[in-house]
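Colleague: Residue-level listing of the chains:
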Amino acid sequence: MSSINNKNVNRRDFLRYTSLSSVALILGIPNVKASDTAVISNLSDLEEAFNLNPFVMIEKSGKITIFNQRPEMGQGTFQSIPALIAEELGLSQEQFTIKQTGGEKHFGGGQWSGGSSSVRTDYMELRKVGAAAREMLIAAAAKQWNASESECYAKDAKVFHKPSGKSLGYGDLVETASKLNVPKDPKLKDPKDFNILGKSIKRQDVPLKVSGQAVFGIDVEVPNMVYASVERCPVFASKLKDFDKTAALKIAGVEQVVEVERVFYNYKTIGVAVVAKNYWAALKGRKALKVNWDYQGHENFNSKDFSQYLRDLAKNEGVVDKSEGDFDKTFAESNNKIEAFYETPFVSHSTMEAMNCTAHWKDDGKLEIWASTQVPGSVIEDLPAIFGIKAEDITLHTCFNGGGFGRRLAIDFIIEAVNLAKTIKKPVKLIWTREDDTQLGPFRPPTFSAMKGALSPDGKVAAFQHKVIAPTILSFMTPKEDRTKPDGTMVEGISHQAYEIPNMKNTMVFADNHVPLLWWRSVTSSTLAFAHECFIDEMAQKAGKDPLQFRLDMLTKESDTKRVLQKLKEVSKWDMPLPKGKGRGIAQWEFFAGLGGCVFEVTKQSDNSVKIDKVFIAIDLGTVVNPDTVKSQMEGCVVMGITAATQNGITFANGKAEQSNFHNNPVMRISEMPKVEVHILAEGGKTIKGVGEPGLPPIAPALANAIFAATGIRLRKMPFDLSNLV
Amino acid sequence: MAKYTLNINGKKTQVEAEPDTPMLWVIRDFVGLKGTKFGCGMALCGACTIHVNGQPVRSCQTPVSSLKKNSKITTIEGIGNTQLHAVQKAWIEEQVPQCGYCQSGQIMSAVALLKAKPKPTDEDIDTYMSGNICRCGTYDRIRKAIHRAAAMV
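Going line by line, the protein sequences match chains A and B.
With the numbering used here, letter number 483 in the first sequence gets 483, and the count goes up by one each step, no holes.
With the numbering used here, letter number 137 in the second sequence gets 137, and the count goes up by one each step, no holes.
Excised from the complex, chain A in its bound form (with noise of 0.2 Å):
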């Protein structure tokens, strides 16, 4: 089990620890009692362990433990962040153990994974600490050798002296070590010395997930404990009214029924736990419920009432993103313009492992949670003000977590958990079926689009505008949204391409909705970027320009954007017919978590279907920490953007989701797997953006733009059915 509990350290040695930057600063915690760190898995020797800085723990027997504070979730980050501290440590990956941390003060407050943001934010602050950790043991093996710090170099968990050829292994050297003074500004490694960063480095993780060994959240037992599941009502937003659990408890197994709460941001609802000694008898002690709830008026609430509310507010005006020109009076005057309106649905995250959480309330007072999450460091912060136990009474252990899309971002599973461990007063696991998690949300918001653009004499864009009719996340988070300016997650990146466009006004028109939301893998960038760049296609084909040369008329200046597209131009051939039948498409996008673009390759076939020949996907990096990874990164969102873009929507019927599980909310399998051809654009230098997201905006127009190129037929609505186009 990847965990640590060391919140009992002495405080006073982490009082520095304010920021990441000063973490690395921090002196060693020399004599950490056993007994004080007991839950610190496999560390054998604790008296003889010393925290160089709260990252790297060193023991006497040279034993070595890096913590990472980002959860792995499948982008790699269990890999790439110890490595950015193993590199400047002058350590192989053989070397070290990895432990994750569970939100521990001391750690800082850089202990979630989300927004692709991890290796870019880390990149630097995490190499001083690696780099701080070497100096001071180079420091150390110099005064024992009574020799000059210059002489000394580390590699292999060693310091070696140069001249005589002398080593130490850190292990005898951290005692003296953590009592220097620590380097204000260590020196980094010139990068063409690394070793691990920027190399396809084989992830430590892997191993244990080809042999069943590696420890997600609902594979954690604790001894005597029981298992839940919960009857929470399909309308959103209901009372509970009341229940029947005779039958529930007559089930074999069924120990007791009782009511649980479920918070979700400012969203609080009440449902049923079925618990019972076996996950099995749990469920069938949950059908044999007769539960009756108040839907509050809510039981009227269906997708096409919704969708139809969501057009009509596409009449308002909306409120200003951002304007440029004067839009007005050139889209007014122009005799060559065009409008669209695009659609995109709800959308599930569907992690392959349903939400779950193990909780245990003590008797003492103190709280225990074993969970797979995004956010470690929300957990400990928000937990207190919910349930009055202080952060020090609770331990998390951050499991591997079975995918996240930003779902696990939020902690309202944990916190339901909780409340039910509360209440039972037993260790229990409490696991969301998969109906549970495509039903009860929370979702991907959908955005509807209103697109206006004129076009010059010359065939360029003169004006152009993107509105966005849409609910918002926020609105779960906030007492009162404030309407009087757009909300930045859902005009994410309308304002922010690279495209010379002289009259521009884009705007917002808020929605008012019940229905739990939450960020998706690359958020709104995903429905925007659909709407926005078919959009810009739409008036390539009016302007009776190529849709690749359109978008290079509109980067007169050199930027990333054009870089990247430039790239996608060479490397897929873009200039060089296809046969009648097929076709080619492209788009990009730019957002706060970085620059992805890509080429599609379809064929129509005789059935009016479509089928994917090739992906071409180009992702912009400035500087790559493990290109392997980040392949597999582009190749995860081709697919999970081809399944949002054709298969995946939750609509809404008697308030209830209409979907349920994978036969009628489907995910891409193997056999409808194009083929991907990656590129990485990473020419060194200090910007480094994000990952795990950028790949995911630009499938579903690029897709879209192929299947026009190679039918005629042009697709406004998410998701289309690649297999009956008409």
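Derived by calculation from the structure, the hints in this document are not laboratory data.
Fair warning: this is a prediction, and the values are worked out from it, not measured in the lab.
Fair warning: there could be bad hints in the mix.
Unchecked claim - Example chain A residues on the side facing chain B (calculated, C-beta under 7 Å, incomplete):
| id | residue |
| --- | --- |
| 1 | PRO207 |
| 2 | ASP219 |
| 3 | TRP280 |
| 4 | PHE592 |
| 5 | VAL639 |
| 6 | GLU658 |
| 7 | ASN661 |
| 8 | ILE670 |
| 9 | MET673 |
| 10 | VAL676 |
Claimed, not checked - A short, non-exhaustive set of chain A residues, derived as facing chain B with CB atoms under 8 Å:
| id | residue |
| --- | --- |
| 11 | MET73 |
| 12 | GLY74 |
| 13 | TRP145 |
| 14 | LYS199 |
| 15 | LYS202 |
| 16 | ALA214 |
| 17 | TYR279 |
| 18 | THR351 |
| 19 | ASP628 |
| 20 | MET640 |
| 21 | VAL667 |
| 22 | SER671 |
| 23 | ILE680 |
Glycine included, C-beta positions come from ideal geometry on N, C-alpha and C.
We have chain A already, so just place chain B on it with the hints.
Modeller: Structure of chain B alone, referenced to chain A:
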């Protein structure tokens, strides 16, 4: 409740369970082998794939009482014996897993595929492996790893 003697990964194990309990939960929660995963509960995703007498089955839809006496059950923990199975080695070489949650099931299906068809084509792989969902999208690497394993066996 009834008593069952199960042969899992070559070891005899006694469990006491309701007859309708799916093997998925018997293996995970009664026997304590956690490599076999719960994904959908409807045999739609393949995350719970195990072998019964060498044949791949979805353990979430296999009640413990439906197993014939002396059935040989193999889980991800049991395919490699003393060292990793060729498919597992190939999975590491191709760095297939991302989140890794579906991979036990993918590997169990792949092992069965190679037994049925030692040198599969891409089409064979697509047909045989279509019952296993990977939300992270590792499909291209699964194809490559199966070809690599086929060359190793």
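Colleague: Holds or violated: the hint that A/MET73 contacts chain B, with Cβ atoms closer than 8 Å.
Modeller: The hint holds - A/MET73 has a Cβ within 8 Å of chain B, the shortest such distance being about 6 Å.
Colleague: Do the numbers back the hint for A/ALA214, that is, is its least Cβ distance to chain B under 8 Å?
Modeller: Because about 6 Å separates A/ALA214 from the closest Cβ in chain B, which is inside the 8 Å limit, the hint holds.
Colleague: Verify the interface restraint on A/VAL639: the C-beta must sit less than 7 Å from at least one C-beta of chain B.
Modeller: Holds, about 3 Å.
Colleague: Closer than 8 Å between Cβ atoms is the bar; does A/GLY74 clear it against chain B? Give me holds or violated.
Modeller: holds, 3 Å
Colleague: Using Cβ atoms only, decide whether A/VAL667 comes closer than 8 Å to chain B, and label the hint accordingly.
Modeller: holds, 6 Å
Colleague: Was the hint right that A/SER671 lines chain B, CB cutoff 8 Å?
Modeller: Because about 4 Å separates A/SER671 from the closest Cβ in chain B, which is inside the 8 Å limit, the hint holds.
Colleague: Minimum Cβ distance from A/MET673 to chain B below 7 Å?
Modeller: Holds, about 4 Å.
Colleague: Could you check if A/MET640 really has its C-beta closer than 8 Å to a C-beta on chain B?
Modeller: holds, 6 Å
Colleague: Hey, does the A/LYS202 contact hint survive, CB to chain B under 8 Å?
Modeller: Result: holds, 6 Å to nearest chain B Cβ.
Colleague: Measuring from the C-beta of A/ASP219 to each C-beta in chain B, is the shortest one below 7 Å?
Modeller: holds, 4 Å
Colleague: Does the closest beta carbon of chain B sit nearer than 7 Å to the beta carbon of A/ASN661?
Modeller: Since the shortest Cβ distance to chain B is 5 Å, the answer is holds.
Colleague: Taking the least C-beta to C-beta distance, is A/ASP628 closer than 8 Å to chain B?
Modeller: holds, 6 Å
Checked against the numbered hints given earlier, this structure breaks hints 4, 6, 13, 14 and 23; the rest are met.
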